[in-house]
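Turn these sequences into a full structure, and let the hints guide you.
Protein chains: 2
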Amino acid sequence: MSASAKPFSFKLIKTDGMARRGEISTPHGTVQTPAFMPVGTQATVKAMFMDDVEQTGAEVVLGNTYHLMLRPTAERVDRLGGLHKFMNWPHTILTDSGGFQVMSLAQLRKLDEDGVKFQSHIDGQRYHLTPERSIEIQGLLGSDIQMQLDECIKLPSPPEEVKRAMELSLRWAERSRRQFETMGGPGKGQGLYGIVQGGDVPDLRIRSAEELGKMPFEGYSVGGLAVGEPQDVMLRMLDITTPVMPVDKPRYLMGVGTPDDLLESVKRGIDQFDCVMPTRAGRHGLAYTRFGKVNLKNARHADDPRPLDEEAACPATSTYSRAYLHHLVRCGEGLAAMLLTWNNIAYYQTLMKGMRDAIEAGTFEAFYQKTKEDWARGDIAAL
Amino acid sequence: MSASAKPFSFKLIKTDGMARRGEISTPHGTVQTPAFMPVGTQATVKAMFMDDVEQTGAEVVLGNTYHLMLRPTAERVDRLGGLHKFMNWPHTILTDSGGFQVMSLAQLRKLDEDGVKFQSHIDGQRYHLTPERSIEIQGLLGSDIQMQLDECIKLPSPPEEVKRAMELSLRWAERSRRQFETMGGPGKGQGLYGIVQGGDVPDLRIRSAEELGKMPFEGYSVGGLAVGEPQDVMLRMLDITTPVMPVDKPRYLMGVGTPDDLLESVKRGIDQFDCVMPTRAGRHGLAYTRFGKVNLKNARHADDPRPLDEEAACPATSTYSRAYLHHLVRCGEGLAAMLLTWNNIAYYQTLMKGMRDAIEAGTFEAFYQKTKEDWARGDIAAL
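Order-wise, the sequence lines are chains A and B. Residue numbers for the first sequence follow the numbering used here, beginning at 1 and rising by one. Residue numbers for the second sequence follow the numbering used here, beginning at 1 and rising by one.
Just so you know, these hints were derived from the structure itself, not from any lab. Glycine included, each C-beta is placed from N, C-alpha and C at the ideal position. Any given hint might turn out to be false.
Covered stretches of chain A, going by a simulated chain B footprint (3 or more residues, C-beta under 8 Å) [claimed, not checked]:
1. 84-93
2. 246-252
3. 301-313
4. 335-344
Below, the structure written as structure tokens:
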């Protein structure tokens with residue numbers, strides 16, 4: 001934390017129903033919430049220049065501890081001056097704990113009380129990730145907002161399994177917190193979030209949130225959702241969980257989601273999101289717009305001279321014809337991914353700004369209705 | 001050609017030895033020569049935004065008739081307002097005739113006096129490309145500088161084969177010119193170039209250049225080089241050919257080349273170049289710099305905090321560490337291709353500007369020596 005940098009803090013500015021308008025401060029800037037955090041897995045938001053990510057209005061990006069610990073390694077990033085400098089992003093960075101990707105990507109995983117042993121999916125090298133090591137890595141990366149190591153299990157799982165994982169995650173929360181303090185995280189102005197687990201079992205979600213609430217975290221995540229369950233299960237869990245989460249701390253719903261997921265979750269009191277959806281969709285010819293999702297592969301765009309949305313401020317959205325985007329997608333050109341990812345990140349940021357403005361104006365419900373109507377109306381091309 | 005647009009013209013500003021400093025005017029702007037034209041095969045310079053291509057100093061890009069006639073088709077580009085609008089490039093566009101790619105990419109080719117029949121490498125659809133159809137396509141695309149259809153044969157080939165192809169190309173030159181006038185190319189301010197063929201046979205090169213010189217082309221290309229022969233053969237052919245080419249028309253060496261090829265060819269009186277090398281190399285982890293070629297895959301860059309060239313104006317070159325570029329290349333990230341392609345196109349443009357300035361100052365020979373010394377000195381990292 002430089003002399004002028006602020007330590008982690010959260011200010012709740014306004015509420016509208018359960019929806020919250022807030023501001024997070026970190027040593028690398030402020031983040032207006034509700035906020036969507038583009039995913040910068042391997043120290044890059046795929047197919048985008050960070051200047052353009054910034055221009056979309058994003059104030060924080062996410063880095064993946066699992067990927068970065070394998071390549072280029074946390075120690076190397078530290079030697080090179082930290083992740084902000086490495087990837088040329090001077091604003092806030094949040095890192096996950098690595099646990100989720102160990103479970104979804106790594107080979108020969110073995111989890112016990114101490115942590116999780118696994119082999120890299122790249123070269124088979126062996127690693128041991130513990131709560132302490134995860135925080136150490138995140139500290140070396142220089143992350144502003146760090147996550148405790150947790151065990152995120154797939155849904156559906158038997159309730160006793162969900163309970164075991166939730167309780168293990170609580171013990172890991174304590175160990176993560178101790179390590180965060182050993183590393184001097186609070187003195188550097190960084191924040192550490194505890195992660196609510198408990199799968200789709202209401203009582204376990206409540207107990208997890210209550211227990212974590214007793215520990216001095218700077219923020220709280222809701223983990224283990226959007227892992228295969230239907231949207232209504234996820235939203236029911238939020239309905240149950242957010243009311244027992246601390247009011248004065250930011251709430252981050254991990255790995256979520258579609259534009260509709262964001263709208264529904266903000267309505268339920270969530271402040272932060274991350275998801276690969278807009279970036280991944282952009283690499284597969286899919287564009288998110290005010291009027292829903294557009295598949296640019298579709299032949300009906302081949303002769304369409306109109307841009308995705310001429311009213312948008314984003315050049316990728318307003319400058320190029322659908323016919324051109326269709327051509328690029330069909331040809332597998334890199335520029336298709338570059339333009340559609342840009343469009344999608346810009347759309348997500350526009351949606352978040354719309355929600356923030358509506359909460360401030362006390363008109364969130366109207367915004368919610370209007371946004372859903374626009375999506376339902378369908379692709380602008382159909383007008 | 002809009003009211004304010006100028007018709008095609010070429011002005012020879014200065015010579016220094018055989019090297020020439022000139023300016024081409026087209027309906028879409030001026031092009032300072034010697035010029036390198038980035039290749040925009042499928043209506044995109046791969047992995048670059050056209051705004052960034054423009055910022056590197058490029059004033060003209062090349063489009064490939066073969067690719068564009070297959071996808072999205074010339075008729076579609078015409079309906080959508082022409083290639084400039086389609087790809088968002090308001091400056092000069094040069095198109096090739098399609099002949100070279102038919103020979104290198106298409107299936108089941110059959111060439112006769114009339115033209116060449118082939119099947120698309122994408123879907124097997126049958127096409128018939130004649131001199132007339134090539135010019136028709138280039139006219140529909142709205143290209144400012146068009147190429148005659150020619151037959152470009154591989155080297156080495158038997159002299160009688162080289163002669164046959166050269167003579168066919170002369171007959172196709174006449175047919176191309178007639179079609180160009182039928183299409184109203186001159187009235188639109190566009191230019192058509194004849195293409196010198198003759199392989200590695202000096203007499204045939206001279207005859208081709210002399211015969212073409214009698215026809216009223218706006219410029220002249222040297223084709224059929226850089227097709228497998230050693231550099232010294234290519235340069236010997238230039239030594240023989242450029243002295244018999246019209247002095248008052250631009251000379252374009254097609255498909256060339258390495259930075260050293262450019263330097264050697266400008267020295268021999270060439271004004272225009274195109275090559276996929278800088279863009280293709282950029283997608284394969286290779287960077288061109290003042291001090292030679294740098295392979296970013298190499299492990300020695302993993303901890304190198306220095307940029308490729310901190311003195312360069314291009315952000316891709318001066319902002320990111322070699323360690324970061326190495327990481328992106330190793331991870332196969334799209335941003336690696338984006339940054340290295342940008343660096344390479346920027347370096348090529350810097351090299352061309354250096355040559356233009358040197359010719360104007362009458363110091364080309366010194367520039368030539370200094371540039372070769374810098375390359376020989378090797379990668380900046382070795383200093």
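Each hint tested on the structure:
1. Taking a C-beta to C-beta cut-off of 8 Å, the segment 84-93 of chain A contributes 3 residues in contact with chain B, enough for the three needed, and the coverage statement holds.
2. With a threshold of 8 Å between beta carbons, the proposed coverage of the segment 246-252 of chain A by chain B is violated, since 0 of its residues qualify and at least three are required.
3. With a threshold of 8 Å between beta carbons, the proposed coverage of the segment 301-313 of chain A by chain B holds, since 3 of its residues qualify and at least three are required.
4. Counting residues of the segment 335-344 of chain A whose beta carbon lies closer than 8 Å to any beta carbon of chain B gives 3, which meets the minimum of three for the stated coverage.
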